[in-house]
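Using the sequences and the accompanying hints, generate a full structural model.
Residue numbers (the working numbering), protein chains in the order written: chain S, 1 to 167; chain W, 1001 to 1445.
Note that these hints are calculated values from the structure, not bench results. Careful, some of the hints might be misleading.
Facing chain W, according to a computed beta carbon distance under 8 Å, are these residues of chain S, among others [claimed, not checked]:
| hint | residue |
| --- | --- |
| 1 | E85 |
| 2 | D88 |
| 3 | V103 |
| 4 | A134 |
Ranges of calculated distance between the beta carbons of each label pair, as one might list FRET restraints [to be verified]:
| hint | chain 1 | residue 1 | chain 2 | residue 2 | range |
| --- | --- | --- | --- | --- | --- |
| 5 | W | L1230 | S | V52 | 38 to 46 Å |
| 6 | W | V1227 | S | G117 | 45 to 53 Å |
| 7 | W | A1197 | S | L31 | 50 to 58 Å |
| 8 | W | P1176 | S | E85 | 44 to 52 Å |
| 9 | W | T1432 | S | L61 | 57 to 65 Å |
| 10 | W | L1230 | S | W98 | 41 to 49 Å |
| 11 | S | L111 | W | P1253 | 32 to 40 Å |
| 12 | W | L1393 | S | V17 | 29 to 37 Å |
From a predicted model like this one, the values you see are computed outputs, not experimental measurements. Glycine included, each C-beta is placed from N, C-alpha and C at the ideal position.
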Amino acid sequence: METGSAPDAGTAGDEPVWTGLPPRLLSMRRLLLVVWLGLLALGLGLLLGLVVEPAWAAFALLPLVLMAWGWVMLGRNWRSWRYAERADDLLISRGVLWREETVVPYGRMQLVEVTSGPVERHFRLASVQLHTAAAATDATIPGLDPAEAERLRDRLTELGEARSAGL
Amino acid sequence: MTAPGVEDGVLEQRPLTERRLHPVTPLRRAWAPVAVLIGWAVHDPDQAQRQLTRLTTTTLLIALAVLVPAAALYGFLTWWFTHFAVTDTELRIRTGLLFRRTAHIRLERIQAVDVTQPLLARVAGVAKLKLDVIGVDKKDELAFLGEDEARALRAELLARAAGFAPETAHEVGEAPSRELLRVPPRVLVVSLVLTGATWGTLAAALVVPPVLWLATDSVWTVLATGVPLLGAAGASSVGRFVGEYDWTVGESPDGLRIDHGLLDRTHETVPPGRVQTVRIVEPLLWRRRGWVRVELDVAGSSNSVLVPVAPRAVAESVVARVLPGVTVPPPSALSRPPRRAGRCRPVWWRGYGLAVSDSVFAARHGLLRRSLSLVPHAKVQSVRVAQGPWERLWRVADVKVDTGANKTVTARLRDAQEAAELLRAQAERSRTGRRDARPDRWMAP
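Shown next as structure tokens:
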């Protein structure tokens, strides 16, 4: 997967143009990771050090190890996410160990949703979620630039209307 | 979905005639307080017993004198406040005594219409009309209507949903139906005898309670396990026989007609183009006789059996009617996963198979109880390829096809290269397949 971002020349003809996710998403996720696990390590260290014995405070290193591992994992996961708009469908590819690639034809979209929580808004991010008539269609693109999210939403709804096919 | 505003304007010209349900309906509601009492007694038997001994005859009579009229009044009021009306595009149901509820059901979105008659309703000559609509958890039903009225209403709803002109929708009447298949009771019995689940639940019901009795000597434990087990055994043998008795599949311009039931009669109608997936199930013991069971998925509908048991050739001809232009791929046409898939799922990989034709995506799974799922390309909502780390080691991947009935059909452990090509090709096929799919209003010019 380390070389996965390079487009493989498997299919000839209309090669999809892949777009990655903005680096701000990675920063946000890493910040959240550091904040939460940092607090946990601090709390654990203080608790064990004061209540039991100072030597036990070494257990607080565990969350720090977890943090380092999570730091790398988040990076790999972030690199694996990508999407491509083709003439008639949207491709979403994700996952490092458990890879999944989804194709959603525009005509099948019932609803396009743009959501953005308080932390996401602070980092100027928004996620786009596509709903089809099948609940199993899990087509979400997390953490896009709000302008890009809105462009994508408008384009998807426009294309969806043009190619609407119902059920 | 496209232009609701236009039709709304037309509606205003014709005065709405609101109708009420059949006057028998209040009797159905009258059971509610009695059911609550019984529920309380079962929930807390000791308390109920103590309360009962304290009661004298007079208090009982007074309670009855209060409860029965109250129940009757409640039943009458709910009946009085329930109205329905059929407009050009919608069925409107207005109901609710304290909390008003108005449901407007768009006719072209109807997935199936069922007319059911429970045993008591058959005696009273009334029927229930049930509508399957996508995205509605609670089924909207009209209970009860007069038997003839229910049939007439079903015919009218289907005619309007099909796109007949509003003036003629009344006169179109019941579309003629042609019988495709009828399951003889003998075949149904033999098929149930040859079903493993029937014997499994029966054996469990006969073995588990005595064992528990020997182990614990407690009547309550035995009863608590024995009664549900016996219930399950009964439901899977007698219950299925009663439910699937005299199963008839017919074809009419309105769509598929499915009639069945010994005590409770059910008449289902599935309009054309509503079927999302069809499954052909072949239990181990049926294989020698060449029998299959056919199940189908319709969006927003819970009923799933199309044919409980039939010879393969007959079942395939019915499937060809349900999914026009689709031929069921023979077992020889299914391609197996590559040999190395055995490293991912040792024995079961032999049961997997896949065939893709111009009209349908067919995936099989199951070794003993084979099940072949068919999805017309026009019904595919999205396509996915999923691959775990162990599967990547052996260069295989799963291809998943999502349909509108919330069912996902999976072709497991395909060669990774093949899966990637399948993903691209399937997206293309489902796009072109939709182009010549039938419109929602199947009779509209």
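Could one say that the CB atoms of W:L1393 and S:V17 fall in the range 29 to 37 Å? holds (30 Å)
Hint says 32 to 40 Å; check whether the CB-CB distance for S:L111 and W:P1253 agrees. holds (33 Å)
Interface hint check: S:D88, Cβ to nearest Cβ on chain W, cutoff 8 Å. Holds or violated? Constraint on S:D88 satisfied, holds at 5 Å.
Cβ distance range 45 to 53 Å for W:V1227 and S:G117, holds or violated: Holds, at about 50 Å.
Is the gap between the beta carbons of W:P1176 and S:E85 within 44 to 52 Å? holds (49 Å)
Cβ-Cβ distance between W:T1432 and S:L61: within 57 to 65 Å? holds (59 Å)
Minimum Cβ distance from S:V103 to chain W below 8 Å? holds (4 Å)
Go through the hint on S:A134 and say holds or violated, using the shortest Cβ distance to chain W against 8 Å. For S:A134, the interface hint holds, since the closest Cβ of chain W sits about 4 Å away, which is under 8 Å.
Have a go at the S:E85 hint: is there a Cβ in chain W nearer than 8 Å to its own Cβ? violated (13 Å)
With 41 to 49 Å as the target window, see if W:L1230 and S:W98 comply at their CB atoms. holds (43 Å)
Given a hint of 38 to 46 Å, does the C-beta separation of W:L1230 and S:V52 actually sit inside it? violated (57 Å)
Between W:A1197 and S:L31, is the Cβ distance one that fits in 50 to 58 Å? Holds, at about 54 Å.
The earlier numbered hints that this structure contradicts are 1, 5.
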